[in-house]
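What follows is the residue order along each chain.
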Amino acid sequence: MTEGHAAGEEVVRLAGVGKAYGRNAAVESVDLVLRAGEVVALVGHNGAGKSTLIKLMLGLIRPTAGSVAVLGEDPAPGRAARSRLELGYLPENVAFAPSMTGAEVLAFYARLKRQPVSRNADLLDRVGIAHAAGQRVGTYSKGMRQRLGLAQALLGSPRLLLLDEPTTGLDPDLRQGFYGIVRALRDGGACVLLSSHALPELEEHVDRIVVMDHGRKIADAAPWELRRRADLPVRIVATVPVDTTARSVIAIDPNLKWRLLSARTFEVTCPESRKAEIVRRIAVLPGRIDDIDIRAASLNDVYAAITGRAMPEQSEARMLGVAS
Amino acid sequence: MNAVATIAGREIRDALRNRWVVAATLVLCVFALSLAFLGSAPTGTVAASPLAVTAVSLSSLTIFLIPLIALLLSYDAVLGEIDRGTMALLLTYPVARWEVIVGKFLGHVAVLAFATLVGYGAAGLALWLTSESADPHAWQAFGAMVGSSVLLGAAFVALGYLVNTLVRDRGTAAGVAVGIWLVLVLVYDMALLGGLVADQGRFLTPGVLNWLLLLNPADAYRLFNLAGLSDVSTFSGLGGLSEQVRISPATLILALAAWAVLPLLLAILLFARKPV
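Sequence lines, in order, name chains A and B. Numbered according to my numbering, the first sequence terminates at residue 324, and the numbering increases by one at each position without gaps. Numbered according to my numbering, the second sequence terminates at residue 600, and the numbering increases by one at each position without gaps.
Honestly, I wouldn't trust all of these hints.
What the hints assert, rightly or not - Below, in silico cross-link-like pairs of lysine to any residue (SDA-like), each with a Cα-Cα straight-line distance of 20 Å or less:
no. : chain 1 : residue 1 : chain 2 : residue 2
1   : A       : LYS257    : B       : LYS598
2   : B       : LYS598    : A       : ARG62
3   : A       : LYS113    : B       : ARG421
4   : A       : LYS113    : B       : PRO418
5   : B       : LYS598    : A       : PRO63
6   : B       : LYS598    : A       : TYR21
7   : A       : LYS142    : B       : ALA327
8   : A       : LYS113    : B       : ASN326
9   : B       : LYS598    : A       : ALA76
10  : B       : LYS598    : A       : THR64
11  : A       : LYS113    : B       : THR410
12  : A       : LYS142    : B       : THR410
13  : B       : LYS598    : A       : VAL284
14  : A       : LYS113    : B       : ALA420
15  : A       : LYS113    : B       : LEU414
16  : B       : LYS598    : A       : SER99
17  : B       : LYS598    : A       : ALA26
18  : A       : LYS113    : B       : LEU415
19  : B       : LYS598    : A       : LYS142
20  : B       : LYS598    : A       : ALA20
21  : A       : LYS113    : B       : ALA327
22  : A       : LYS113    : B       : GLY333
23  : A       : LYS142    : B       : ASP407
24  : A       : LYS113    : B       : LYS598
25  : A       : LYS142    : B       : ARG408
26  : A       : LYS142    : A       : SER99
If you are wondering where the hints come from, they were derived from the structure by calculation, not from laboratory data.
Chain A extracted, bound-state conformation (with noise of 0.2 Å):
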């Protein structure tokens, strides 16, 4: 018990995992490593498997094919005495008992999980809802509410976090207070596993994602080298010096759909495989290039090519017509 928590140790490891309900199979041959020091997302449908991944994890059902390591022990009932103590879950749409306050909530938990009582103070300070510890978790909004199922996961600095749908019910100042706490556990050398449809928003703080669908893992890299996969159209806009005619922008690629969309603003949609050689052509154009914006294909368009279906919920408008 005495190894160094490096970087890049391995926290979990699922081999060949499989559950089975009957001849349901909600998880099949599931392959999966989840290293210290490292955010991983874990997106898909509902019913895509995510929530039997972490209840395996979690040792709440056991797997009916593979095998399942969390921090080094079987998280099997009963034999994972040392393991719970490091590791954090935020459960999805946890309703803790209305009539008790948030720091009497906070306590009772770390209690359980042999925690100082004196450090909760701080706990609550940090996910913003010290205020509020004195009140009745019925008074609570769904964010206070959130807010105090993530003080609960942090209780005891765990190596481990696994956090189902943590921002649901946070605004987006929420969100990035959220964010700023996951970086700094990923800092600090723990692994963090959030499930979560809020694709757009996990690009800039995962380091990778794994896509589950119909049980299966399908995908399992680094944003942008799914990006990269999918290769979806790019959208560039260029803005050319005056004297650039629309000839000469056009004929950097004539058979790529060009728009106009001001006197001197060209849009163009090109495979992701070509964006570099499409721009460099765009700046070795006579004369001064005023200004370029290159727009990628969003993570719910990846989603969708990588699935073949949309993200459910999904807010925001595609940013491209164009199907691939």
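Mind docking chain B on chain A? Use the hints.
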């Protein structure tokens, strides 16, 4: 064991917050006081100790009230937490599943014990202050009544937990709890009496009857308080039955304790396999 105490403590605090403790204590206190003063009126100034009479009438009331309170406390103890999502969270903590059940059970029994001791204790205290006689036997009967009431409550809390681990949703659990109350508190005795009349002693011999009475915690409690203690039995009107039924008070208390322990053990076993 630390986790058990923590969980029991939360259960008690929650019951205090929800006014459960206050409500149960008040109900028991009001009934006990009214029985103590109204119920002892018929004895007038005869030799019968008002305390002993109160113990008898309170035990009749307890059979209806305590199981009801116990089942109300426990009918969704596990399913409610599963619905709220706190059970899955709790089980990711370094807590064993049996500790969750035992902790919650002890918390609920503590709430019930507090309500019973304070509610009935108030009646006992009022009688002690107003009556001259201090018959130690009557006090013994009263104390045994209060103690066995808590045990009866524990039995029904345990039954409530068993229901929680057997069914899947709270609505069903509530229905089954009501059914248990109706059957054990009301229907069982009626069926037994009907059976005795119809049977004319062919199969329902006193020996069989003994066993049948032990198979219901409410009857074990009733017999313990009405017939088990000689002083009280003379006032209870069921003296005739106590001649037929030869079960020692110790056996009756053991039966009550078994009714608290066995359903709880079964609930622990079933909860170990219950998907959360």
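Hint-by-hint comparison with the structure:
Between the alpha carbons of LYS257 of chain A and LYS598 of chain B the distance comes to roughly 59 Å, so the proposed pair goes past 20 Å and is violated. Restraint check: the Cα-Cα separation between LYS598 of chain B and ARG62 of chain A comes to about 12 Å, which is no more than 20 Å; the hinted pair holds. As the CA atoms of LYS113 of chain A and ARG421 of chain B are separated by approximately 15 Å, the hinted pair is consistent with the 20 Å bound. As the CA atoms of LYS113 of chain A and PRO418 of chain B are separated by approximately 7 Å, the hinted pair is consistent with the 20 Å bound.
Restraint check for LYS598 of chain B and PRO63 of chain A: satisfied, since their Cα atoms lie roughly 15 Å apart, inside the 20 Å limit. A C-alpha spacing of about 14 Å is found between LYS598 of chain B and TYR21 of chain A, which places the hinted pair at or below 20 Å, so the restraint holds. Distance restraint check for LYS142 of chain A and ALA327 of chain B: the Cα-Cα separation of roughly 29 Å exceeds the 20 Å cut-off, and the hinted pair is therefore not satisfied. Between the alpha carbons of LYS113 of chain A and ASN326 of chain B the distance comes to roughly 11 Å, so the proposed pair stays at or under 20 Å and holds.
With a C-alpha separation of about 14 Å, the suggested pair LYS598 of chain B and ALA76 of chain A falls inside the 20 Å cut-off, and the hint holds. At most 20 Å may separate the alpha-carbon atoms for a hinted pair to count; LYS598 of chain B and THR64 of chain A meet this at roughly 16 Å. Straight-line distance between C-alpha atoms of LYS113 of chain A and THR410 of chain B comes to about 15 Å, which keeps the hinted pair within the 20 Å bound. As the CA atoms of LYS142 of chain A and THR410 of chain B are separated by approximately 16 Å, the hinted pair is consistent with the 20 Å bound.
For the proposed pair LYS598 of chain B and VAL284 of chain A, the alpha carbon gap of about 68 Å is over 20 Å, so the pair is violated. Simply put, LYS113 of chain A and ALA420 of chain B have alpha-carbon atoms about 12 Å apart, close enough for the 20 Å limit, and the pair holds. The straight-line distance between the Cα atoms of LYS113 of chain A and LEU414 of chain B is roughly 10 Å, inside the 20 Å bound, and the hint therefore holds. Our distance criterion of 20 Å between C-alpha atoms is broken by LYS598 of chain B and SER99 of chain A, whose separation comes to about 27 Å.
The suggested pairing of LYS598 of chain B with ALA26 of chain A holds, with an alpha-carbon distance near 18 Å, which does not exceed 20 Å. A distance of roughly 11 Å separates the Cα atoms of LYS113 of chain A and LEU415 of chain B; the hinted pair therefore holds under the 20 Å criterion. Our distance criterion of 20 Å between C-alpha atoms is broken by LYS598 of chain B and LYS142 of chain A, whose separation comes to about 29 Å. Between LYS598 of chain B and ALA20 of chain A, the direct Cα distance comes to roughly 16 Å. Compliance with the 20 Å bound is thereby established for this hinted pair.
Restraint check: the Cα-Cα separation between LYS113 of chain A and ALA327 of chain B comes to about 9 Å, which is no more than 20 Å; the hinted pair holds. Of the supplied pair hints, the one linking LYS113 of chain A and GLY333 of chain B holds, its CA atoms being roughly 15 Å apart against a limit of 20 Å. Our distance criterion of 20 Å between C-alpha atoms is met by LYS142 of chain A and ASP407 of chain B, whose separation comes to about 17 Å. Using a Cα cut-off of 20 Å, the hinted pair LYS113 of chain A and LYS598 of chain B is violated, with the two alpha carbons roughly 23 Å apart.
Note on LYS142 of chain A and ARG408 of chain B: the hinted pairing holds, with a Cα-Cα distance of about 14 Å set against a maximum of 20 Å. The hinted pair formed by LYS142 of chain A and SER99 of chain A meets the criterion: a straight-line CA distance of about 16 Å does not exceed 20 Å.
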